[in-house]
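Asker: Spelled out, the chains give:
Protein chains: 2
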Amino acid sequence: MAAMPGQMMQMPLLISSLIRHAARHSGDTEIVSRRVEGDIHRYTYRDAELRCRKLAQALARLGCTPGDRVGTLAWNGYRHFEIYYGASGSQLVCHTINPRLFPEQIAWIATDAADRVLCFDLSFLPLVEQLLPALPTVRHFVLMTDRSHMPAATALPNLSCYEDLIDAEDGRYSWPVFDENTASSLCYTSGTTGHPKGALYSHRSSVLHAYGAALPDAMGCSASDVILPVVPMFHVNAWGLPYSAPMVGAKLVFPGPFLDGKSLHELFEQEQVTFSAGVPTVWLGVINHLKCAGLKMSSLKRTVIGGAACPPAMRQTLENDYGVEVIHAWGMTELSPLGTLSKLGASHRHLPAEQRQHLLEKQGRAIFGIDLAIVGDDGQALPWDGKASGDLLVRGSWVIDRYFGDAGCPLRELDGEMWFPTGDVATIDTDGFMQITDRSKDVIKSGGEWISSIELENIAMAHPAVLEAAVIACRHPKWDERPLLVVVRKPGAELDRERMLAFYAGKIAKWQIPDDVIFVDEIPHTATGKMLKMKLRQQFAGHTLPDA
Amino acid sequence: MAAMPGQMMQMPLLISSLIRHAARHSGDTEIVSRRVEGDIHRYTYRDAELRCRKLAQALARLGCTPGDRVGTLAWNGYRHFEIYYGASGSQLVCHTINPRLFPEQIAWIATDAADRVLCFDLSFLPLVEQLLPALPTVRHFVLMTDRSHMPAATALPNLSCYEDLIDAEDGRYSWPVFDENTASSLCYTSGTTGHPKGALYSHRSSVLHAYGAALPDAMGCSASDVILPVVPMFHVNAWGLPYSAPMVGAKLVFPGPFLDGKSLHELFEQEQVTFSAGVPTVWLGVINHLKCAGLKMSSLKRTVIGGAACPPAMRQTLENDYGVEVIHAWGMTELSPLGTLSKLGASHRHLPAEQRQHLLEKQGRAIFGIDLAIVGDDGQALPWDGKASGDLLVRGSWVIDRYFGDAGCPLRELDGEMWFPTGDVATIDTDGFMQITDRSKDVIKSGGEWISSIELENIAMAHPAVLEAAVIACRHPKWDERPLLVVVRKPGAELDRERMLAFYAGKIAKWQIPDDVIFVDEIPHTATGKMLKMKLRQQFAGHTLPDA
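Chains A and B, in that order, are what the protein sequence lines are.
Heads up, the final residue of the first sequence is numbered 548 in the numbering used here, and it's a clean run with no missing numbers.
Heads up, the final residue of the second sequence is numbered 548 in the numbering used here, and it's a clean run with no missing numbers.
Possibly wrong hints are sitting among the right ones.
The list makes no distinction among identical chains, and a pair is therefore deemed to hold if it is satisfied within one copy or across any two copies.
Quick list of in silico lysine to any residue cross-link-like pairs, SDA-like style, CA-CA up to 25 Å [to be verified]:
| # | residue 1 | residue 2 |
| --- | --- | --- |
| 1 | Lys-301 | Arg-349 |
| 2 | Lys-291 | Leu-259 |
| 3 | Lys-387 | Asp-47 |
| 4 | Lys-362 | Arg-46 |
| 5 | Lys-262 | Leu-495 |
| 6 | Lys-291 | Gly-27 |
| 7 | Lys-507 | Ala-493 |
| 8 | Lys-387 | Leu-351 |
No lab work stands behind these hints: they were computed from the structure.
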């Protein structure tokens, strides 16, 4: 209890208030989707909010009660958007699952989350049918389509048609008011060791993140924007854009599964998109298409690039050739995801162009709501001088406290406060600009997706001819990083590149298999016996991958 | 307790976190002040935060304990800024008092708030000395200056020198962490009846307001901005700018008491100000100076104008002649103060210029965090069609729940929710644009300051020759509105304009005295006997005031 409480209205920060605000105050504003079915669908925030209410009714009718998880395997589209609000708004947990994971991982995640309902796009029907035996917690399957696209026959029991569920409801539903610390959504991240871990966001954290993400120095969302999130809605809530756009009444454009350069450019132009966000890999596709077809961007003004470091050449091409401002961002699933963005301040206006570019290539400054620290090997805080490099810690209103379920509390103490260790190594300068310099955790970031090096090492170690194996990230022009396997053969054993790589088949998703194998006599170790990955990364920094 | 709680860090929204964020992440960014003493003072957010901590120590040393009110009578400057943070951050309540009020009102307000400490600028030393007998709750007086400007002798007991208080502390102070619903600051508003009433803001409401105010469609604050709040810090926290600027790391420029056009323009140019905010009256002064001296604005990009309707001609001059975007805003003390701002959406891009202007002249759309409703005489919600006009109600995260102390709860119920009646009459269109069309409460808004018509009527009614008196707002080119007194003389009584106006002397602040008197035979009434002010306003709409 406060010594002297303020006398202001008590309004919990709820996700339903975002869609309600958009429906009331920007009711005529459009949401446009390229459907999995191929055609274009358009309606308004007013229409969307009514359907979100009907979905909330339908989920209750399926037997969902507060706290139940509703899984999704879906592309960016209006039905997925409705599940974000219909599920979270009615006190259920919207659990977005990455369909690009290996099927066994998907089943493991859905079961770990104990998903009660699983909603999925048409594209994933064969996948879900295949997974059925491994999904014991799912009571209802919902195919996100209309009656005419429903399969004639299916192995799935209790398969509902999304549009039928909506049509059966009358929308006479008031968004419930409850504790803002209630769980709203769940997203798993591939960790360095063992199984993926879930980040369980709350209504409060999501709404505060939406405020922070919409600020001018973050994604700068406004009602004058037309926003196309290229980043998938199964990747940390599409970086919060499905929340920030209704908050400010921006028009939303969803690309569905069509993420190639040509499809995206068509949608940018047709809908006069002003802002987009995605990983570097997607932008490579867009730039290649523009170059080959000799096209321009007529409306796109700026884009946030994150998920992996944005190559300076990509920034220059987008800015100089296509007039698109590139905003470099850094975040993590555990941060909802936004942590820092790189935008110049008033004092940088008069710096030479080269120094401004140098600042913009850093990961940038923390949004209000996030605090940063860097610590040395002794766990003590390092100075912010742009030189000292240490483990990057974060704390803030939209940072996880612990992982979902029994997956543990990762926090560390510093100066009496608890911080989340990011696994990145960084410098911070006197003006707060953070730059990632290395990574302390063993992951490879390929096209915005994490690949666990430890998982790949464990598979290699299971081969009878392997004595020791290390997997490191190797630079790749398209995917930013790809895994490179370094192997020490057992004395006398025979093993070549092809047989080693073939050993991965069926054990892991195809895109996670290492691109190349290097055989060495010895892997360097620390005094305590840990592999010195840093040294390996330096040693093979110049290695060229087969298809690069 | 939530059915399923999210697993995110619990960080209360505290005002201290704003200045702490600025000191850590924008530590080199400047705060520049034109001092009451006449010179320019500059330092950084890093310096400011250290002094805020010292001030928190000093206030504790003066005996302040959580919940105590610290009053201020001060212009916009860095010391006032430090009190905002040093007091609120240490769980005291920062109580800004409008020094333009009549001395008796100031004393009444300070006593109603039970201010324990009163901090004031040099300009207000004679005023405070005069008020001393009427300030029984104040234990410590703090003159916001350095040793060299302290008076040789004073009637004030326990008069401290601000700089001495700061210098005596070491800054070894950690901002306390407490319930975010704790009161942070207090601001009185002149109501229609009786005494002024206090709005008691909380840390949570202030931080959420800071997020909302900084959004692109609100004040759009960023680190690339240089922000000069013309609106005084005693006017509803200078519309939240002292909170939103540190939130985003924007440079702040404080003009002190020098609010004439010449002084403001000099500061705009010297400090390369990009954004400012204030009432229309101040902009008149700036425009006149620019015109007379043949000057331009080299850096100012945009300004928020609120506190009274912005005349269309002023918008045109600022935009066409000086390249300054004008953003029309509406708010109230009871709303912290921001409610709506008028910015165009993507769908308005292709409207004819005239229609765009028409939209921009409205009060605009609600920021996320605020909801609007209009109701008819029967208390039922009216449609949002841009035509139906009714009493404007608001609710939201930064709207008061009740007034400070025993001044009551003004809320009204609508559809099961509690709303604050604004006293304004408005229309709202289908796209959420609100326009004030009339005022249901009896106040005159002169140069951004409220004048209570009922208070003026009561004084007139006390004159032995007056039978009935009504005070209405009359348009004024400089002050927007000025009070016009309409009087019915008692049968046979003699009374002229001069004697009537002379009767106000000493009873009310000089600037609150009506500008003119009209004698009539009869004042129109409703069936229940209430004066029909609306009719009077129509009747005298064309009246020209003596100095207008």
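Asker: If a hint holds in the structure, say so; if it doesn't, say that too.
Answerer: Results for each hint:
{"no.": "1", "hint": "Lys-301 <-> Arg-349", "result": "both (20 Å within a copy, 15 Å between copies)"}
{"no.": "2", "hint": "Lys-291 <-> Leu-259", "result": "within (17 Å within a copy, 55 Å between copies)"}
{"no.": "3", "hint": "Lys-387 <-> Asp-47", "result": "between (53 Å within a copy, 23 Å between copies)"}
{"no.": "4", "hint": "Lys-362 <-> Arg-46", "result": "between (40 Å within a copy, 22 Å between copies)"}
{"no.": "5", "hint": "Lys-262 <-> Leu-495", "result": "neither (43 Å within a copy, 83 Å between copies)"}
{"no.": "6", "hint": "Lys-291 <-> Gly-27", "result": "neither (38 Å within a copy, 43 Å between copies)"}
{"no.": "7", "hint": "Lys-507 <-> Ala-493", "result": "within (22 Å within a copy, 104 Å between copies)"}
{"no.": "8", "hint": "Lys-387 <-> Leu-351", "result": "within (20 Å within a copy, 52 Å between copies)"}
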